[in-house]
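Using the sequences provided together with the hints, build the complete structure.
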Amino acid sequence: DAGVTQSPTHLIKTRGQQVTLRCSPKSGHDTVSWYQQALGQGPQFIFQYYEEEERQRGNFPDRFSGHQFPNYSSELNVNALLLGDSALYLCASSLVVGGSTSPLHFGNGTRLTVT
Amino acid sequence: AQSVTQLGSHVSVSEGALVLLRCNYSSSVPPYLFWYVQYPNQGLQLLLKYTTGATLVKGINGFEAEFKKSETSFHLTKPSAHMSDAAEYFCAVSDGGNQGGKLIFGQGTELSVKP
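These protein sequences, in sequence, are chains A and B. Last residue of the first sequence: 1019 in the working numbering, with the numbers rising by one and none dropped. Last residue of the second sequence: 1183 in the working numbering, with the numbers rising by one and none dropped.
In case anyone wonders, no lab produced these hints; they're calculated from the structure. Note that the structure is a prediction, hence the values are computed from the model and not measured. Honestly, I wouldn't trust all of these hints.
To be clear about the criterion: a stretch of chain A counts as covered by chain B if any three or more of its residues have a C-beta under 8 Å from a C-beta of chain B, and this derived list gives those stretches [to be verified]:
(1) 943-949
(2) 952-965
(3) 999-1007
Not close to chain B: a few residues of chain A, all C-beta gaps over 10 Å, as computed [what the hints assert, rightly or not]:
(4) Ala906
(5) Pro912
(6) Arg919
(7) Leu985
Note that beta-carbon positions come from the ideal geometry of N, C-alpha and C, so glycine has one too.
Now the structure itself:
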């Protein structure tokens, strides 16, 4: 039973560049959430996708965008990278059941460094 | 708005000693509460959760937590620490009463276990 998988595991980018992070949810899950975890901090919610639509969004600028595909996998895109975007980006998946969702299962994250 | 405060960014205990990690929350609705553990270079793993019902919740690896509405607390305990318990622990509250929706995380508590 495959868990949440994220790629790549590490990434180094330069300020102003764009980056795409990828996530495959746990088998059987249909909802994907993205979190940003800065060093020494707790994760912060970026957004959640269900049925290929953004359902909830946290307090992040429009430079952060996402997409969910028909197979439930998801991408997180960040444009015009800033040094402050350096963080661990966590993907989490869950399953919608009867109008509510199951607890989140997290992947191991993508470590993004912006220089 | 929901919020979480974890008291103590670092806690150190001896192997075999009691582990107590403190979490206080603020929520405008009946909360769903969670404790997650994060090992170095890994994602978050769910330790336990409170949704409704019994206020004493048992989780994996011998951890448990008690929901105290009057104190708005959800402290995590383990009777006897093991070296393998050394990790970062995060308390979280759901924003909107949905287990798999947006979670608000605390800043985290790093647990060290001395031999």
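Okay, the hints, checked on the actual structure:
1. Three residues within the 8 Å Cβ limit are the bar, and the region 943-949 of chain A against chain B gives 6, so the coverage statement holds.
2. Counting residues of the region 952-965 of chain A whose CB lies closer than 8 Å to any CB of chain B gives 3, so the stated coverage by that chain holds, three being the minimum.
3. Using a Cβ-Cβ cut-off of 8 Å, 6 residues of the region 999-1007 of chain A lie near chain B, which meets the minimum of three, so the contact claim holds.
4. Every Cβ of chain B is farther than 10 Å from the Cβ of Ala906 (chain A); the closest lies at roughly 14 Å, confirming the non-interface assignment.
5. Taking the minimum C-beta to C-beta distance to chain B, about 14 Å, the non-interface status of Pro912 (chain A) holds against the 10 Å cut.
6. Distance check on Arg919 (chain A): its Cβ is at least 25 Å (rounded) from any Cβ of chain B, clearing the 10 Å threshold; non-interface status holds.
7. Every CB of chain B is more than 10 Å from the CB of Leu985 (chain A) (nearest about 22 Å), matching its label as outside the interface.
The structure agrees with every numbered hint stated previously.
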